[in-house]
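Novice: Dock chain V against chain X, hints included.
Here is what each chain is made of, one letter per residue.
2 protein chains.
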Amino acid sequence: MNFPTLYNARMIPRLSFFFLPLLAFALPNAALAEPSEVFTRTLDNGLKVLVQPDTRAPVAVQQLWYGVGAAHEPPGQTGISHVLEHMMFRGTERFPGESFSHTISSLGGRDNAFTGRDYTAYYQILGHDQLAIAMEMEADRMQNLLLAEADLQKELEVVKEERRLRTEDRPEASAFEQLQATAFHNHPYGQPVIGWMSDISQIDQKQLRDWHRRWYAPNNANLVVVGDVDPEQIFEMAEEHFGAIPRHEVTPAPRRQEPVQKGTRNVSLHIPAQTEYLLIGYKTPVMAQLPQEQRWEAYALSMLTSILDGGNASRLPKRLVRDRKIAASASASYSLYSALNSLLVLDATPSPGHTAEEMEQALLAEIAELQAQPVSETELQRARAQVIAHMVYAQDSLRHRAYMIGMLETNGLGWEVEQQLVAGYQAVTAAQVQEVAQRYLTDYARTTVTVHPLNVAKVPPAP
Amino acid sequence: MNFPTLYNARMIPRLSFFFLPLLAFALPNAALAEPSEVFTRTLDNGLKVLVQPDTRAPVAVQQLWYGVGAAHEPPGQTGISHVLEHMMFRGTERFPGESFSHTISSLGGRDNAFTGRDYTAYYQILGHDQLAIAMEMEADRMQNLLLAEADLQKELEVVKEERRLRTEDRPEASAFEQLQATAFHNHPYGQPVIGWMSDISQIDQKQLRDWHRRWYAPNNANLVVVGDVDPEQIFEMAEEHFGAIPRHEVTPAPRRQEPVQKGTRNVSLHIPAQTEYLLIGYKTPVMAQLPQEQRWEAYALSMLTSILDGGNASRLPKRLVRDRKIAASASASYSLYSALNSLLVLDATPSPGHTAEEMEQALLAEIAELQAQPVSETELQRARAQVIAHMVYAQDSLRHRAYMIGMLETNGLGWEVEQQLVAGYQAVTAAQVQEVAQRYLTDYARTTVTVHPLNVAKVPPAP
Chain X
1 MNFPTLYNAR
11 MIPRLSFFFL
21 PLLAFALPNA
31 ALAEPSEVFT
41 RTLDNGLKVL
51 VQPDTRAPVA
61 VQQLWYGVGA
71 AHEPPGQTGI
81 SHVLEHMMFR
91 GTERFPGESF
101 SHTISSLGGR
111 DNAFTGRDYT
121 AYYQILGHDQ
131 LAIAMEMEAD
141 RMQNLLLAEA
151 DLQKELEVVK
161 EERRLRTEDR
171 PEASAFEQLQ
181 ATAFHNHPYG
191 QPVIGWMSDI
201 SQIDQKQLRD
211 WHRRWYAPNN
221 ANLVVVGDVD
231 PEQIFEMAEE
241 HFGAIPRHEV
251 TPAPRRQEPV
261 QKGTRNVSLH
271 IPAQTEYLLI
281 GYKTPVMAQL
291 PQEQRWEAYA
301 LSMLTSILDG
311 GNASRLPKRL
321 VRDRKIAASA
331 SASYSLYSAL
341 NSLLVLDATP
351 SPGHTAEEME
361 QALLAEIAEL
371 QAQPVSETEL
381 QRARAQVIAH
391 MVYAQDSLRH
401 RAYMIGMLET
411 NGLGWEVEQQ
421 LVAGYQAVTA
431 AQVQEVAQRY
441 LTDYARTTVT
451 VHPLNVAKVP
461 PAP
Chain V
464 MNFPTLYNAR
474 MIPRLSFFFL
484 PLLAFALPNA
494 ALAEPSEVFT
504 RTLDNGLKVL
514 VQPDTRAPVA
524 VQQLWYGVGA
534 AHEPPGQTGI
544 SHVLEHMMFR
554 GTERFPGESF
564 SHTISSLGGR
574 DNAFTGRDYT
584 AYYQILGHDQ
594 LAIAMEMEAD
604 RMQNLLLAEA
614 DLQKELEVVK
624 EERRLRTEDR
634 PEASAFEQLQ
644 ATAFHNHPYG
654 QPVIGWMSDI
664 SQIDQKQLRD
674 WHRRWYAPNN
684 ANLVVVGDVD
694 PEQIFEMAEE
704 HFGAIPRHEV
714 TPAPRRQEPV
724 QKGTRNVSLH
734 IPAQTEYLLI
744 GYKTPVMAQL
754 PQEQRWEAYA
764 LSMLTSILDG
774 GNASRLPKRL
784 VRDRKIAASA
794 SASYSLYSAL
804 NSLLVLDATP
814 SPGHTAEEME
824 QALLAEIAEL
834 QAQPVSETEL
844 QRARAQVIAH
854 MVYAQDSLRH
864 RAYMIGMLET
874 NGLGWEVEQQ
884 LVAGYQAVTA
894 AQVQEVAQRY
904 LTDYARTTVT
914 VHPLNVAKVP
924 PAP
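Those sequence lines, one after another, are chains X and V. Quick note: the first sequence uses my numbering, first residue 1, plus one each step. Quick note: the second sequence uses my numbering, first residue 464, plus one each step.
Bound-form chain X, shown alone (with noise of 0.2 Å):
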């Protein structure tokens, strides 16, 4: 199941890079070949700029990420990161309305944007040739946008109707948001992404204007370059287009600790829905936030969630859906680089005639399971063989490297870590396995969210 924690500014679904196909068993050489290099340097005012050769086709792509999503948002306020990102695609002075995006397409280029709970990035693919107006483009409006209050206005309705249409229409995704909010009392990663409705509608230019001179500060962005380009080139390109604007003090977002849960919580939804529909959500660490000696339990979760759902002859897939056939999908997904501890979650639609009841009580069965007994070294190895393989064919993609890289660097991780994973994947244990199960998967750190297929639209009004 894909979650909604990411949002762009075109709506195109969750980046479907993550969704490649891959091959089970056959493990290319490349799995433990060196990873290309990565070059870096910092501008004085802050900028960091990563560039990671690959010649094999006249292409590079350009992202450019802030450290701002939906985790630094006040209260009142959610959703605001990306509407900022929406609004960064109409215009400045120099480059009004939509001349941006027609500029990069008129050179045969493609240019987007993402919003997540740790980041905002924006990205173009061009011809190696052309990096330099997208970051002319970039550096301008890093500085200079409009946010003119007409588009504004349009922007916020636009804004209204992806929510209408991913959150409140998909009852998965308004499972997904009542999850989160539920189970975080005190952290940001309880706040939707796309914001609560009644926050977008809020939202105004003077709050729009100050969110993005507070954020979008060169000494609080990452610009990642990865294709066929030449690492000094782009160094002394990124200094002659970014280099002057000014580095500025960066208030960070409030910490907040979310304090430990003592039990599990239950939520029913009656929504509008097909079928019953069942999420359960376990609190977790994730790398960003162990310390080193302990990010084998990250990579453990890992493997444990990949154990569950990774490929057809994953635990979930195998047993609810193709033997015992009472799910008609069922799923699990860890969030391993998130900057903040998140959750590991599973989630089942029951087939015909069965209910979330009893998906309730599989997806318990297995967490029981993995509890109980170590896994054995063959479903070990395949769970492994998924992951590694994965992580070297989504390599393939320029577009996914640079992702890698900006997103692990924005996420406090720092990008030398993608380096560090296959190691880290190969030496989890069953063993480990069994341990993060039985630490993390309890009923104390569960939460449940139940969607009730509500036909008629009986929901009393808000008080």
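Hints in this document: simulated from the structure, not taken from any laboratory. Please note that a few of the clues may not be correct.
Claimed, not checked - Straight-line Cα separation of at most 30 Å, DSS-like style, residue types lysine-lysine; simulated pairs:
1. K206(X) with K669(V)
2. K623(V) with K669(V)
3. K160(X) with K725(V)
4. K262(X) with K725(V)
Bear in mind that the values here come from a model prediction, so they are computed numbers and not experimental data.
Specialist: This is chain V only, laid out in the frame that chain X set:
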């Protein structure tokens, strides 16, 4: 059950005047007498002064109310209003250390303060000719608070201990905190008044200074004096002491609108406790948020609460505690006067041999009965008499009268509302009680917290 939504600097449990013993049917004529007049004047700097003369004894109560409380707090700074309240007793240059309270007590007076969701208030009870010094000191600490680092470190420890004693070591209070945090997803009442422990720990001097500067403005305050005083003299005295304090713009807290709840939320809480315990909260509107023509709903919800839990003859104590003997205690409460929409709360502790599960069934059966059948005229009269008698007897306390004036004024209702309360309650019909039960006490709007006693602390560490 007293839920901790009010905190004061010296940890006196919730203001005792709420719990005066009441005579159910012996409604005195005073109930229908005109309440004493309130004289008001607004100084040029925006400070509103409200005076209610009462010559029965040569004493006076002064209360200074600021329009800031837990509901105004940003995430990461929950509890800051209450910490500031504590620091207000730590001195200024002119009245250093604890000389404020020492001065008041050397005059035979008493002083304290309390912090709620919607306000922070300071009060003194003094001889009627000693108000000048109280005003002088209040005006001084409105502007010149020291907020010394050493004092802050001490007070933070005091407040953390207060949180341990009053929330973490009290299962009912922990459950209430969970109830609010789970019921509200985008509403400041989800935040505890005392603050999350991790937030309290990180409150610093600069934040407190900013909080004090931002909110402690004369134009964000109401000064209430009740007692044997002459209104004109009080206005002059207020002008003398507060008149020179400059008005300044107070940026309001962001508005947050709670999304419509679409199904029951159930929380299990495994904590050290003697017995199981059950809390149910329904999202309900409050008077301040209802349009004038719908305010009867708030009165009807109050009457409904009194029918369930207003004196020994009311339904919960009679049926659950005395007749069926399944509950050791059972109660109901509703926040008629809150600034923002809140919860109507039911709770019950099972008697030995009974369970929280039975409490839930019994309480839900009570709600179902209120929805299915109108209450009898006799019951309605008894509940009305309870509510009105409560109000009338409470009038006997100067402090309570000042409290009602200050609270109604600060919460946006206006002190005049008090004079309409009796008529409001008297107008409620059995059909209206049934109507609000049907409209608001639904499964869609319900959140339940169940405490399961945990004898050994086996909660896993936080991720």
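Novice: For every hint, state whether the structure bears it out.
Specialist: Do the hints match the structure? See the list:
no. : hint                 : result
1   : K206(X) with K669(V) : holds, 25 Å
2   : K623(V) with K669(V) : holds, 19 Å
3   : K160(X) with K725(V) : holds, 20 Å
4   : K262(X) with K725(V) : holds, 24 Å
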